[in-house]
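Starting from the given sequences, assemble the full structure and let the hints guide the process.
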Amino acid sequence: KAGVTQTPRYLIKTRGQQVTLSCSPISGHRSVSWYQQTPGQGLQFLFEYFSETQRNKGNFPGRFSGRQFSNSRSEMNVSTLELGDSALYLCASSSEGRIYEQYFGPGTRLTVT
Amino acid sequence: GENVEQHPSTLSVQEGDSAVIKCTYSDSASNYFPWYKQELGKRPQLIIDIRSNVGEKKDQRIAVTLNKTAKHFSLHITETQPEDSAVYFCAALGDYKLSFGAGTTVTVRA
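Those protein sequences? They're chains A and B, same order as listed.
Here our numbering is used: the first residue of the first sequence is 1, the next is one more, and so on.
Here our numbering is used: the first residue of the second sequence is 1001, the next is one more, and so on.
Keep in mind that a hint or two might mislead.
Unchecked claim - Below, a list of computed lysine-lysine pairs in the DSSO-like style, where the Cα atoms sit at most 27 angstroms apart:
1. A/57 <-> B/1068
2. B/1071 <-> A/1
3. B/1022 <-> B/1068
4. A/57 <-> A/13
5. B/1071 <-> B/1057
6. B/1071 <-> B/1058
7. B/1071 <-> A/57
8. B/1022 <-> B/1042
9. A/1 <-> B/1042
10. B/1058 <-> B/1068
11. B/1022 <-> B/1071
12. B/1058 <-> B/1022
13. B/1022 <-> B/1057
14. B/1042 <-> A/57
15. B/1042 <-> A/13
16. B/1042 <-> B/1058
17. B/1068 <-> B/1057
18. B/1057 <-> B/1042
Said to hold, decoys possible - Short, incomplete list of chain B residues facing chain A, as computed with Cβ under 10 angstroms:
19. 1006
20. 1038
21. 1091
These are computed hints drawn from the structure, not numbers from a lab.
Glycine included, C-beta positions come from ideal geometry on N, C-alpha and C.
Here it is, written out as structure tokens:
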């Protein structure tokens, strides 16, 4: 089976712009979670989707949003980018309804200048 | 919400020695505790996990123990090798959300 894939792998944006990141889960996996990883804050949970429904959301401002499509692919969007949004954005997929055994994608490295 | 604390933040061991990383969690409803290994520039990889109905689990040189009463769990790596050098994260699952510890940077000295 192919692993979790994320596109793009690298992105450079300027403050005030918006960005959309994409995640394709492992075939058959219906749960997708998103995380922000920074050197200072570690891995912070953004949100989790299962069957197109958001089941939980982390403590991030409303500028961060996401969605999941019927084929389980997921996107996250960040509007009005700030310098502090520079980070590695990771998605992870799981085959079970309770997100056991999450498998991570390679991440999208976002740099905001 | 869930709060996961991880110690130590850095750990240096001699090749062949053991390494132990400890985590505590706050939400007694958490019932699944995975450990991830992240090498430099790579994605986190699941190396072992434990569910709340089990006290200990072993897989070759790595083992995890869980004490639900005390709300802490630990990762044990025996006979460490240079390829064990990485950042290790513990996590706890509650309400469709994995909360991660801050990570432990393990360096195995040859």
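> Straight-line Cα separation of residue 1042 of chain B and residue 1058 of chain B no greater than 27 angstroms?
Replying inline: Measuring from Cα to Cα gives roughly 25 angstroms; hence the hint holds.
> Holds or violated: residue 1042 of chain B with residue 13 of chain A, Cα cutoff 27 angstroms?
Replying inline: holds (23 angstroms)
>> Run the distance test for residue 1022 of chain B versus residue 1068 of chain B: straight-line Cα separation, threshold 27 angstroms.
In response: holds (14 angstroms)
> residue 1071 of chain B and residue 1 of chain A: Cα distance at most 27 angstroms?
Replying inline: violated (36 angstroms)
> Is it true that the CA of residue 1058 of chain B sits at most 27 angstroms from the CA of residue 1022 of chain B?
Replying inline: holds (16 angstroms)
> Quick one, are residue 1068 of chain B and residue 1057 of chain B close enough, alpha carbons at most 27 angstroms?
Replying inline: holds (14 angstroms)
> Taking only the CA atoms, is the gap from residue 1022 of chain B to residue 1057 of chain B under or equal to 27 angstroms?
Replying inline: holds (15 angstroms)
> Does the alpha-carbon distance linking residue 1071 of chain B and residue 57 of chain A stay inside the 27 angstroms limit?
Replying inline: holds (24 angstroms)
> Does the nearest C-beta of chain A fall within a distance shorter than 10 angstroms of the C-beta of residue 1006 of chain B?
Replying inline: holds (9 angstroms)
> Does residue 1071 of chain B pair with residue 1057 of chain B here, judged by a C-alpha cut-off of 27 angstroms?
Replying inline: It holds: about 16 angstroms lies between the C-alpha atoms, which stays within 27 angstroms.
> At a threshold of 10 angstroms, is the proposed contact between residue 1091 of chain B and chain A supported by beta-carbon distances?
Replying inline: With a minimum Cβ separation of about 8 angstroms from chain A (threshold 10 angstroms), the hint on residue 1091 of chain B holds.
> Given the hinted pair residue 57 of chain A and residue 13 of chain A, is their alpha-carbon gap at most 27 angstroms?
Replying inline: Given pair residue 57 of chain A, residue 13 of chain A holds - Cα atoms ~24 angstroms apart, limit 27 angstroms.
The structure fails to meet hint 2 from the earlier list, while all remaining hints are met.
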